[in-house]
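**Student:** Start from the sequences, fold in the hints, and give me the full structure.
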Amino acid sequence: MHKNLQELLKSCEQLAASKNYSQILDKLRFYSKYDILYNAELPNLESHLQMKPMYSIHIAESQNYNATCFGFLKKYGNIPLHDHSDMHGFLKILQGTIQLTTYSYLQPNEEKDVRATSSSEFSKNDEYVPVKCEGSKIITCEDHMNTVTYLSPFQGNIHSIEALEDNTAFFDLLYPGYCGRKAQYFENTPDNNKEHGQLTWLKKCEAPEYLDMSAFKL
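Numbering-wise, the sequence shown is residues 1 to 218 according to the UniProt record's numbering.
List time: in silico DSSO-like cross-link candidates among lysine-lysine, alpha-carbon distance up to 30 angstroms:
#1 K52 to K204
#2 K217 to K52
#3 K112 to K124
#4 K74 to K194
#5 K74 to K182
#6 K3 to K27
#7 K194 to K137
#8 K203 to K137
#9 K204 to K74
#10 K137 to K19
#11 K3 to K217
#12 K75 to K203
#13 K203 to K124
#14 K203 to K132
#15 K132 to K194
#16 K182 to K33
#17 K112 to K182
#18 K74 to K33
#19 K182 to K124
#20 K27 to K132
#21 K19 to K112
#22 K137 to K204
#23 K19 to K132
#24 K33 to K137
#25 K27 to K75
#26 K132 to K75
#27 K52 to K137
#28 K203 to K74
#29 K137 to K27
#30 K27 to K10
#31 K33 to K217
If you are wondering where the hints come from, they were derived from the structure by calculation, not from laboratory data.
**Tutor:** Below, the structure written as structure tokens:
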């Protein structure tokens, strides 16, 4: 791991320990693809024909954080709706463009009230989760001051990512580390309301088979 990335991870780890997550967001805005990857070449569609459509690159991990790069060789590749339970997430686009769609968990008391008062058939089934739709946004490396987004343990924690260009890649930084946590995947329900700010329901599910990724080493 080169010096710039070591300094970034150390600094962000200290900020996370003091819960200064907004400062991590600001810091990541000013780090480039070069700062994170140095001169490493990412896989691309033209020269990595035998690779799976999606790949991951392990950067570093500890009980305090997890740092990974993810990439899509082809446009419209996607990571479906999933969460990072009790974790703070930062997503930094490195190349290409993604569409990020997010949903927020309700606070425990809010969820209890919704389940008690909702007429939805899903309200009595723990396999279904009431959430608030936060909508979708485009994140592109061309917009230099808006290449990073922050997902808190509640706000926007459930999210999906779709590549809008070939050879798209992003840097994923999570606090704390996984430490036995597993991502929960979700699927939309027939009555899913995708309007911003509206309450809707998602169904828990297993990770889809197509999500199998190549593990790439820099």
